[in-house]
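Q: Please arrange chain B on chain A, whose structure you already have, making use of the hints.
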Amino acid sequence: MLLSVSLTLLEGLVVTLELFALTLLFALPLGLIISFGSMSRCAPLRAGVKTIVWIVRGTPLMLQIMIVFYGPGLMFGLPLLPRFTAAVVTFVINYACYFSEIFRGGIQGVPVGQREAGLVLGMTRSQIFFKVTLLQVIKRIVPPLGNEFITLVKDTALVRVISVYEIIWMGESYIKKGMIWPLFYTAVFYLAISGILTLLLGWCEKKMDYFK
Amino acid sequence: MPILDVQHIEKHFGATRVLEDISFSLDQGQALAIIGSSGSGKTTLLRCLNFLEKPDQGRILVNGEKLFDADDPATHREEEVRKKRLHFGLVFQSFNLFPQYTALQNVTLAKELLSQERPDFKQNKKAILEEIREEGLSLLAKMGLSDRAGHYPHQLSGGQQQRVAIARALALSPDILCFDEPTSALDPELTGEVLRVIRGLAEQNTTMIIVTHEMAFARDVADQVIFMDSGVIVEQGPAREVIEHPTQERTRQFLARYAEQ
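Residue numbers (the working numbering), protein chains in the order written: chain A, 1 to 212; chain B, 1001 to 1261.
It is worth saying that the hints were derived from the structure and are not from the lab.
Computed from a predicted model, the values in this text were never measured in an experiment.
A hint or two may mislead.
[As the list claims (entries may be wrong)] Example chain B residues on the side facing chain A (calculated, C-beta under 10 Å, incomplete): (1) SER1023; (2) PHE1024; (3) ARG1047; (4) VAL1081; (5) LYS1083; (6) ARG1085; (7) PHE1088; (8) ASN1096; (9) LEU1114; (10) PRO1153; (11) SER1230; (12) ILE1233; (13) VAL1234.
Quick reminder that beta carbons are idealized off the backbone N, C-alpha and C, glycines included.
Pulled out of the complex, with its shape left as it was, chain A reads as follows (with noise of 0.2 Å):
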């Protein structure tokens, strides 16, 4: 039986981690370029981007899930997005403005003379973010990313409101049959992921020890 359990729920894992690691591939680049939207000289763009993540970051991830899965349908007869998709471009969505906060922290917490220093030694832009700034703003981001990292895998549970199949639903679908601790049993599989990724966020911190 509980082998049985266990498979059933490995398949709505695999839902999970697909969902995680989609969003982290395309939320991490578009939350970069978010974040130099939020740091650009120009006045108005960087108004538009501080009220895009302050709606994305002040509306439940739950709401806004439903509203790009129905919304389009709903309100302008458009033919619904397949429903894991939705999920997706939600995520990648709400995550992306998450980590654009983390990036412009990260950022703007390494000190000016750092560049100063580059730019005194005939540095390029190009070569001050690769070779001097970039190392600085991944040491400081580790952190706060692995906090959002493991509230993402426990996020992604949320998709069961449009009936994607993640390892919750499945679990839920047992209590039909009877049965409660399958539903219980879905705790395992959370905190293994988040084990794992607390383990690598461990390691790439300890590897970036050598500077302060």
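A: Below, chain B alone, put in the same frame as chain A:
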């Protein structure tokens, strides 16, 4: 011909005039000390010379070559400014070493990056990098830091960090080496080692501009002194003369305040 000729530099931050009609020149091998109270514009002047600030008016000439002319936008282009900066070196008050690199890597990084622009870089990569490394090591030795080449900045004392920063600036062999209050961020017992290094450079006739609050040091090491107040040059002349026999009332008051301390 002077190595550096600064003509009528002006700089405003908004409505505040930070530098007003600054002109001076410097001969090869001379050390110039700039003194004055905080907010007098000394640091801004140094930053203008290193193109970290863009003057609103004036010209900067090195060896007769016009590096900057406020009226000539062609001299403001980023790619050219980057090359022109190399005439100057700058040592910051707060060192600004790159924390993720060792002392030696801090010294060699910029030169390595520059050497990639050499046409023969691909062919002679190994030899070029080895040469840069040797130069870096000998610069650190000159700073008395041979045993610290592999240390990261956070493992070094403030005085050692500042000496690495001086080696880093020297690595690109600038025509004019600028110091922005090089000992102001140091504990008093660490200023001596840094001042000794700068004194050594002066003895080897390194052309230098030193913004400093160390009056005795300015008097003994510099050839020329400029006293600035509220963005203008109040008095300039041979170091000993200006500091021991100032002709201007404002200079006298400033120096008297120092003598009290």
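Q: Need the list of violated hint numbers for this structure, in ascending order.
A: 1, 2, 11, 12 and 13
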